[in-house]
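One letter stands for each residue in the lines below.
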Amino acid sequence: MMGSSFDRRDFLKVLGWGGAAVALSGCGNTSVEDGKETVVSYSEPTDYMIPSIGVYYNSTCAQCDAGCNINGRVREGRVLKLEGNPDSAINRGKLCGLGQAGVQHHYNPDRIREPLLRSGDKGEAITWEKAYALIAEKLQGVDGEEIAFVTGGMSGHSKVLLENYLLSFGCKNHFVYEAVAPAVVRAANEKSYGVTMPRLSINKAKLVLSFGADFLGSWISPVHFSQQYGQFRKGVDGQRGILVQVESKMTLTGANADRWLVVRPGTEGVLALGLINALGTASGDAAAAAQGYDKERVSKDTGVSVEQIDKLVELLKSHTPSLVLAGSAAEGYVHGSQNAAAINLLNHVLGNVGKTIEPAASVPFPQMSPAVGGTAALTKLGEGLSAGKFKVLFNYAANPVFTAPASMKLKDELTKVGFKIAFAHYLDETALQADLVLPLDSALEDWGTSVPEYMAGDAQISVQQPLMEKLYANTRGFGDILLVLLKQRQSDNYKDYADYYAYLRGAMLQNKNALGGEGADDDTFWNHSLSSGILKAAGSSAALSGSASAAGLTLPAPAAADAQYPLHFIPGVSASHRDGRHANQPWLQESPDPLTTIVWDSWVEIHPKKAAELGIVEGDIVEVTSKSGSIKAQAYLFPGIHPDAVSVPLGQGHEAMGRYAKGIGANPFAILDAVFDKETGELAMHETRVKISKTGQRVVVVKDEGPAGGSQAGKKIAARLDANHVDLSKEA
Amino acid sequence: MSVSNLLSNWSEFRHTHPVDDVPHDPYKWAMAVDLDACTGCNACSIACYAENNLPVVGKEKYSHGHVMHWIRVERYWDEDGREFPDQGAQFLPMMCQQCEAAPCETVCPVGATNHTPDGLNSQIYNRCIGSRYCSANCPFKVRYFNWYDYPTTDDVWPAEMTQQLNPDVSVRGKGVMEKCTFCVQRLTVVKGNAKSEGRIVREGEVQTACQQACPTGAISFGNIVDPESRVHKQWQAQQVELAKDVQAKDTGEVASDLRGYRILEELRAYPSVMYLERVRELAPAKSEHHSA
Amino acid sequence: MHRFLRLSVLLMGLFVASSYAADAPSARMTEDSLGPEVAQPIEFPHFRHAGDVNKEHPEKGGMQIDCMYCHTFARRSAVAGIPPLQKCIGCHQSIESVKETPRIKQLFEYWEGSKEKNIAAKTPIPWKKVHDLPDFVRFNHERHIQRFVFQQNRPVQEACGYCHGDVKTMTVARRSKTLSMGFCAGCHEKDHLVSAEGGKDAGNQAYWYGFTKPVVKTSGALTAKGPNDCWQCHK
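Chains as they are written, first to last, in the numbering used here: chain X, 1492 to 2223; chain U, 15 to 306; chain D, 2 to 236.
Treat the hints loosely; a few may be bogus.
Said to hold, decoys possible - Chain U side only, calculated, beta carbon under 10 Å to chain D, not exhaustive:
no. : residue
1   : D132
2   : T176
3   : Q177
4   : Q178
5   : L201
6   : T202
7   : V203
8   : N207
Hints listed in this document are in silico derivations from the structure and should not be mistaken for laboratory results.
Everything numeric in this text was worked out from a predicted model, so none of it was measured.
Each residue gets a CB set at the ideal place from its N, CA and C atoms; glycine is no exception.
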């Protein structure tokens, strides 16, 4: 493991040599080459660095916003594999496939290596000095209101620097844009519980009723929830937890549920109110809100049978505490906020608030806490763009050209911006529209801090540190670039910091008392921070509001049938692909979608009954057409979807980005209608209606259903027992 | 070993894996996979790609069945005639079962696959001539053949990505068979360390890559000979015995409520992987059941 | 019918004969086999460092430095390691007597840098690999050193010499054994002692890698055969 005290920068220099010259014993074929191969040693050794023995460094995963703490295996100066940090309250030594693919992001052959300046259709490599000078020049005399800064979710010190930078212009246009985010749920939580992200305890619940929250796949902090799920299945007091999933398209979580209830798209809230009504324990507001939602009506509206509602009510009564989750399937409608509110109300009625829903800890540094967003930022950004308001636009960790509904015409609107600067790892769709592209370090070569939005345990700040020497001389960390830009504005304030590392160290040391370093000398504290990768902060947690207010809760009648576009369109969010930013990592392309087992492509999920009606068979290329556009993809007959809905997974359909992503599949963002949730202004992702038609082409679906084609052929292969036949508490 | 040695000990070689005589001493690596905890998320599979230098073959070769995932997650829809909402998917992580009487071993014409004293089914790349008999004879279809020389195939390992390769594992060339090794490179390291210290490997000292990644902790792995190991305890609690092809608990008239089973046990391959059945809360009876 | 039998008898005879031939002590396994002479960036004199002390002509003899003083990883890693440049400098910066010799001057060029030769300071010396194994073979130095040196108290030079030859008499090292699989098996097929002689107890589980359990010889010595599990070296 890691030495207790050393100078990290020197260490990296040494590693650079080792890394460059190491003999790759793992590759190449078989020849014996006495006297040909060069064998290079370290010029100055360090006692913890032994050739052929892996050294582990802690850092933080940057593949999604869950912010799992990771542990990178480094050998001879190269990072080989990422594993979970066992001391992390978030992921406890575990790591999902997406997180592991972080090394493929780092070693990706399509990373940008030089700053690029647009010259016609091409990018011309320029020096950083020139790039910085150009930015200063373009910002000359520009008013704060004329600058737009688009980013993904951010936290930690780079967020602090960014806020300071924007402040120096008096700029308020920081658009935090996350194409796939639980934004409506955050707002609903704020109303129902008083906090946006309470701590959820799946492992304390005896029953989890999830309305489309894919917490095992892509929702909020999937590794943490999966780990809780493992305990939940073993059960509290030997009583195995029961998972009921309500949604219109089966997610990974739905596939693992004991009971998977398919509802008519958009009626999740109706079912929640129906359950409140049927439970009959609610009073006041809640009872009033649920009034009239009798079983028969609810069954008619949602398509869930009365028997299933009865069974569910019975389960909810006998299994306390329980936990009800509102997820992306419930929030993706014009009335998404209402859906989420109704679902959260059910938690109040069941008395789960305070038991399985608890206040989460928060770090005592509000300036570092996460800046989260959703798609609501798009509207404002779009308005500003079409008004020609922005002279300079920065884009970081977001790809709005790819992820915004095509009907918003963001790509065209961007041409109205005088100068566009993209911080990028790849030449993705948005970077291709930029005038200046600044190549970033990968997360495995950069410094940083982050505060997870979902705080699983005590308040913590996660440390990200380089696991190896930079691969390319001319990439820069986002923090380093910001610091240079800040020095252009306020050189006096930042002159003490040679680079972002110095800034980070200085900032952390300043607050070491609050970060558990009281009494420790600076170096000891800093070395401890780096070796553990997690800093516990003396955090506070706000109390949850206990009130079960249902004021203003009204749900619309189920959507009427649309003759022209008869089908609901459900964009699928997969654990590996999310909003498409990871599409160029080949492990993720080759890793089958868990439910359809399809690889390297997009597909259209259609219920077999619907397919039979339309004469569609597996592999037919179908055209999915909405008011806003159309895409083509292969059909896959999928039993886990409402017959009146079709689903296409997000994340594929890139026109740029790199060799593994470009030209693969279709992009469903392109056909989303630009309709928004009434309360929050978030894009109503599930509100689009479509029709499908055959194109006449057919392909062989490339999938991996196992040697027997997904059938067990009467053998005991993947076996199953009834829950009442087994007592898990006896097991080892 | 010389040929005469081979001849004089023929019966012993053909029966190297003594299901009935000497128990493995001091190691017998085994696994238990809890299907009730497995969510089918594929983290295990990607961890295996990272640890074992598995090539990414791309769509075209994938369509020809050339995918190289040593551990794959199979998905099965329930087949007992139920419909949703009581229907669901089942996931099964399938990797080399490290059979005690491995069908692949007996058919290899060159002895490239054989049993180790630790009860692993080893695959020796430099001995393999690519007859693929082993794969044909494997009931679990967990052996993968290198139809191409992936190290020199475009976009499998571009120069940048070769830096990620694990130096502890050979990168296989064209024409050889490969399969899950139970991360033998990790086992060798801990065994070596233990041996230098004059002890045996302790429970928890080594994890396979898939086990380490699994977010729900569905996979446990260890030395089944060690009574302290979790795997030993699990196998024992489930009354699954390594050396039997019919378990005593399955012969009774009443169905057992123990979840442990081995896949295709009746083929007498004596797999070293025990699965624990998925548990599902089911609707009371089919007659009362309505689909949505 | 009989003719047919004759053929099979003949074949059988050939087979048996060849297996006896294969059983004869194979020269391949023991014979020294010199590798190519490898030109190194600095002609490193192993004999001066590791060689025996020559009392009559001290300048011709060595200093009997332990192999592991420089190849320091051998006891704790699969690879023995080429000594880091700093190690050479550590001694040589205070050995004035040889400081002006050509080789040492060359050494310091790597440490201090040389503008003429375009060498940056602290550049590792690009030594050429002398003992190379095929990439699918994984030899572990640590296990051998632990066994022979630390558990059985054999002299280091003897233990290293099993495979590397008499390096203490060489200038730059040269491969002197075949290092083929037969060479490895030549040792590993032999019985070897399980309980240590004069050294630390090798532990009663030293046979773990072997197929066979230890055998008590008439002499009372406990012996076992070495690993013949393919995965020990090939993986």
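Evaluation of the provided hints:
1. With a cut of 10 Å, the hint placing D132(U) at the interface with chain D holds, because the nearest CB-to-CB distance is about 8 Å.
2. Interface restraint check for T176(U): the shortest CB-CB distance to chain D comes to about 13 Å, outside 10 Å, so the restraint is violated.
3. Hint status for Q177(U): violated, given a least beta-carbon distance of 16 Å to chain D, over 10 Å.
4. Taken as an interface hint, Q178(U) does not check out: its beta carbon lies about 17 Å from the nearest beta carbon of chain D, beyond 10 Å.
5. Because the beta carbon of L201(U) sits about 9 Å from the nearest beta carbon in chain D, less than 10 Å, this interface hint is met.
6. With 10 Å as the threshold, the beta carbon of T202(U) comes within range of chain D, its nearest partner Cβ sitting at about 7 Å, so the hint holds.
7. Annotation: interface hint on V203(U) holds; nearest CB of chain D at approximately 9 Å, less than 10 Å.
8. Annotation: interface hint on N207(U) holds; nearest CB of chain D at approximately 9 Å, less than 10 Å.
When held up to the earlier numbered hints, the structure conflicts with 2, 3, 4 and fits the remainder.
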